[in-house]
Each structure stands twice: as C-alpha cells, then as structure tokens.
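The chain contents come next:
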Amino acid sequence: DEIRAFAKEIVEKEIEKHAADGLGRIDYAVASGGAMVLKHSEPFIRSSKLSRWIAGNVHSGAVKILQPSFGQPGECFPLKGDTGFVDIKLRTAVIPEAITLEHVSKSVAFDRSSAPKDCKVLGWLGSEELTEKMNLLTEFTYDLEKSNAQTFNLVESKTAVDTIRLEFMSNHGSPSHTCIYRVRVHGYEPNLA
Amino acid sequence: DEIRAFAKEIVEKEIEKHAADGLGRIDYAVASGGAMVLKHSEPFIRSSKLSRWIAGNVHSGAVKILQPSFGQPGECFPLKGDTGFVDIKLRTAVIPEAITLEHVSKSVAFDRSSAPKDCKVLGWLGSEELTEKMNLLTEFTYDLEKSNAQTFNLVESKTAVDTIRLEFMSNHGSPSHTCIYRVRVHGYEPNLA
Amino acid sequence: DEIRAFAKEIVEKEIEKHAADGLGRIDYAVASGGAMVLKHSEPFIRSSKLSRWIAGNVHSGAVKILQPSFGQPGECFPLKGDTGFVDIKLRTAVIPEAITLEHVSKSVAFDRSSAPKDCKVLGWLGSEELTEKMNLLTEFTYDLEKSNAQTFNLVESKTAVDTIRLEFMSNHGSPSHTCIYRVRVHGYEPNLA
Ligand SMILES: [K+]
Ligand SMILES: [K+]
Ligand SMILES: [K+]
Chain A
15 DEIRAFAKEI
25 VEKEIEKHAA
35 DGLGRIDYAV
45 ASGGAMVLKH
55 SEPFIRSSKL
65 SRWIAGNVHS
75 GAVKILQPSF
85 GQPGECFPLK
95 GDTGFVDIKL
105 RTAVIPEAIT
115 LEHVSKSVAF
125 DRSSAPKDCK
135 VLGWLGSEEL
145 TEKMNLLTEF
155 TYDLEKSNAQ
165 TFNLVESKTA
175 VDTIRLEFMS
185 NHGSPSHTCI
195 YRVRVHGYEP
205 NLA
Chain B
15 DEIRAFAKEI
25 VEKEIEKHAA
35 DGLGRIDYAV
45 ASGGAMVLKH
55 SEPFIRSSKL
65 SRWIAGNVHS
75 GAVKILQPSF
85 GQPGECFPLK
95 GDTGFVDIKL
105 RTAVIPEAIT
115 LEHVSKSVAF
125 DRSSAPKDCK
135 VLGWLGSEEL
145 TEKMNLLTEF
155 TYDLEKSNAQ
165 TFNLVESKTA
175 VDTIRLEFMS
185 NHGSPSHTCI
195 YRVRVHGYEP
205 NLA
Chain C
15 DEIRAFAKEI
25 VEKEIEKHAA
35 DGLGRIDYAV
45 ASGGAMVLKH
55 SEPFIRSSKL
65 SRWIAGNVHS
75 GAVKILQPSF
85 GQPGECFPLK
95 GDTGFVDIKL
105 RTAVIPEAIT
115 LEHVSKSVAF
125 DRSSAPKDCK
135 VLGWLGSEEL
145 TEKMNLLTEF
155 TYDLEKSNAQ
165 TFNLVESKTA
175 VDTIRLEFMS
185 NHGSPSHTCI
195 YRVRVHGYEP
205 NLA
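Protein chains in written order, with this note's numbering: chain A, 15 to 207; chain B, 15 to 207; chain C, 15 to 207.
Keep in mind the hints are simulated off the structure, nothing from the lab.
These figures come from a predicted structure and were not determined experimentally.
Heads up, a few of these hints could be off.
No copy labels: a pair is met if it fits in one copy or bridges any two.
[Said to hold, decoys possible] Subject to a maximum C-alpha distance of 20 Å in a straight line, what follows is the list of computed PhoX-like cross-link-like pairs (lysine-lysine):
1. Lys-160 / Lys-31
2. Lys-131 / Lys-94
3. Lys-134 / Lys-160
4. Lys-53 / Lys-94
Chain A on its own, in the form it takes in the complex (with noise of 0.2 Å):
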C-alpha cells in the first residue's frame, strides 16, 4: 500500500508535467501566447497546400514552430537545404535561460535525416537585426539518439531580448530539407523578478 501510494504521486506528478506541454516550463516562443515567427530562410515547399504566403515574407506554415506537434510527423515547417534560419519574435521581453528544440520522436519518424543538428542562437532587442546587437546565447548539437525535445541552457546574462534566432548550420543527413517542429524559449519577465 505504501508502494501504491508512492508509484500513484511518482505518476501523477510525471503526467502534470506531460500534460503541462510536456516540460511543464513557460514558453515565451508559444504561438498561442502571442509569440510570432518574424524571419525565416526559404522554405522547402512540398505542396500547394503549403505554399501560401502571408504579409512579411513569412510562410504560413511557418506558425507551426511555435505550436505543439502532438506526437506527429510533418507537424514541422520545412526549410530548404541543410543550413538555415527563423526569426522569432518572443510574447514580451525577457532574460532568456534555455531553448528547447524538438522534433518528432524516433519511435513515429519516418525519416530523421530532415533533423537539425549543430545550431546557434542569437538574441536582441528590438525589432531592427544589427549585427552588433546580436548575442551569441548558445551553440548546441541536436542528438538523435536522445529525447525529441532537448533544453539547452542559454549563456548567462541580464540581458533582455524579445527577438531569437535559430539558426542551423548542418542537419542529419537530409541534402533536400531541415524540418523545424518546434523552438521554445524558456526565461523570466524583468520586471517581474
């Protein structure tokens, strides 16, 4: 009885988290939190129901980035080539701690080569990209071989940004495409701390 009671709140604490977008963690990045997708490099497209664009240059599909995948491939946005970038624009400033980069779990894939492998994130402030005003928060490699959505803490700093870059600069195999399921960007308000 003590073990069924002890396994129950293991469990019951485990799927809070689960339920909790998975991590349990704020995102700054979530689309339904206001956070949108600025910039981003060309698109792969696949079909026509993908090819629309809307106003900025930004594909429609793009959205995608920053809202859950529920466990299915192709709930990504796909960008040509093996190297690239997106531009997002955050719900509000903030100090930002770590990124999370998922994509689709091996045991649903049916390819993983379209995944991103070593990447670079970039903050600023402010809607104008000048090149000076753009910090290096971290270099990480994405891992196959571990979970599909992997956090990677940020440099530490007081700096707030309310615009990411996620750029990557190699993928896993894939000459064609790097599919992007989703970024988010865990840290705290300012003015809130």
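On the provided structure of chain A, position chains B and C with the ligands as indicated by the hints.
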C-alpha cells in the same frame, strides 16, 4: 518483478485516464459532442483575429471554452472585467452531477491573475431563460494552488437541465479581463439511468 | 530510493510512448505524413457543418480517420448504416504488418453502439482497384471491453501495398451509423529493410 508489474499497472491506468480527455469522465459540454455556447458577457477583444462575431451574439472564440486546451496558454475565451458569465447548451438534457472548471497549468502560465475565482452555476431546461426556472446548482471558488482542472459536485437533484450558466463574481486579480479555458459538465441522461 | 528511480523509469517510458502518438509506432496512414482517404461508403450526415464534399467523392470530414482524436468524442467520421468501408492511400508503399483501429474511450463516450465490430482489411498496390489484386490482410473483431486503440497483426507477406481498405460488416448496435475514429497502418518500407 512484482513491483514492476505493479508500477506498470498504476502507470497504464493513470495514462489511460489522462488520454481520456484528462479526467476519464463524460463531458456533456464538449463541443465535439454537439454542445455550444449560447450567450456570454462582453468579450475582451485583444486582436483583430478574435474580433469576428457569429450568429446569435456569440463570439467566434467562445467555442474554446468547450474544447481541450492541450497545456497551451491562450487557448481560452477572455471576457471583459472581473465579473461575467457564459451560457452553455449541453449536448442533451442531463441530470447534472458535477462541473469542471479548467485554467492553464501554473507551470506554463504567463500570468494567472485572469483566472476566475468565486463562481456560481445555474441550470435550466429549455431555450427560454426565465429567472424562476434557473436553479442554483452550486457555488465554488477556483483555487490557484490546486490542480488546473477542478471538479465541483452539484447539489443533488433529479431535475434534468440542458443549459448551464457559469457566472464568475470575481477573478484572481486582473482588473481588465477573465479567461475561461474550459468548462465541462458531468452527469447522466435520465432516460439511460 | 531504488524503488523511486525504478518507478520513475517506468513512468517516463510509458509517458514517452503515450506522447509518441499513443503507441510509439510508425503510422503509414497518418494524414500529416501524406496519407489520404481515397473513397468511402455513404457518409452519415448529421449537420450542415459536415455536409461539404471535396474532390473525388471524398467527404471533407473523412480525414478525421487519419488524425488524432485527443480523447474527444465526435472526432470521427460517421458512415451510414452498420456496414461500409474506407479506402486509404498510404504515405508510401509498405510491407504491412499490423493495423490499429481506435474508437473513443469508454470513459468519455456518450454511446458506443456506433463502434465498428466485425472488420476485414484488404490491401493492394496501385491506384486501380482490381478484385484479383486486393489481398485479404486480416479479419478481426473490435472489442468494446478492451483498450480503445486495438492493434491487429496482418497475415505475414512480402507483398508491398500502398492502399488499404477497412471494411466493417457489423457494428455494436447502432442501426443508423458507424463511426470511425482512427485507422493506423504499421509496417516497413521494402527498400529500407
Ligand atoms: K509543431
Ligand atoms: K480550451
Ligand atoms: K480522429
């Protein structure tokens, strides 16, 4: 091995409940089952995206109250101020037993001051709202410290209702608006009992 | 502490499987992977919302068969009567190994008499339906007492198919209609084996 089998059994049962819409309990207010929002107090319009209105003075965003939220902040219907109401036409007439009010989980919320606090539930049968026919089913307080989906038992009765009003008389601090993530109504169909 | 670590390991594994589309198994019939419904028996139209038809005599609601149901009643495609079929074009040609038929979970269902019961699965290669090329892959009975997603192994074969027909010869009691929540097809791509 015994413990393993035992733990697995608990886990499977809890995940099954989680997969069954979180509670594993029939919801007569779910949109996919045919329920709908009939009426509501003034919405809190934040963007042009939410500014469309549909037939019968019901905002196009109101249906979110009757749909899953998937652990996503923003998957709610925002009403103006700290008092207000929503009227929900159930899928069919039922003897109501409980109501569940869900807000976004603490661990992924940007701000929970917009959560409803002191609430009242009324129920009646028939499309006409007549004060004398609207029965008080319960009063409750949504507690920010508890689980994000909170179920409250209704007063025992044998009276069937097909419309429910959730009225909030206060919220957790926001002067501008109150967000309703999801309302579920549990009970049984009189003819099936 | 040993038990805690042990329980946590089991929980994480089970949640991972749950998060990976419930089964953690590749589905060649998933809509987001490019599969589609090619043809079906007469739909059971309940509302004007479902009355739109799209190209090729495929109802606009038919795609629900190839999408997640999220524990929501109604996230299905209803066909008229207690016999009928759906033809599914898979994402690509595969050696099929198993099929999963999912209905809504007992704990959240309003009525399960519309669940399919005795079923037959046929498979063939090529867009042409030719009786002599349609192989019987299995016959099974969907059991209302078991888990809501039931997987059935197919007869072993080395023949690739790119189209699957799920035919139901009876349901669990509804004279008016039969609801298909989701069909998944598991197997492997011949060129990848
Ligand atoms: K996504
Ligand atoms: K919702
Ligand atoms: K479905």
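Homomeric proximity label, Lys-160 with Lys-31: Cα distance no greater than 20 Å:
Both: 19 Å inside a chain and 14 Å across chains, each within 20 Å.
Between the shortest in-copy and the shortest cross-copy C-alpha distance, which are at most 20 Å for Lys-131 and Lys-94: within, between, both, or neither?
Classified as within: same-chain Cα gap 15 Å, cross-chain 46 Å, threshold 20 Å.
First find the shortest C-alpha distance between Lys-134 and Lys-160 inside one copy, then the shortest across copies, and answer within, between, both or neither for a cut-off of 20 Å.
Answer is within: at 19 Å inside a copy they meet the 20 Å cutoff, but 39 Å across does not.
Within a copy, between copies, both or neither: which one fits Lys-53 and Lys-94 at a CA-CA cutoff of 20 Å?
within (14 Å within a copy, 34 Å between copies)
In summary, this structure violates none of the numbered hints.
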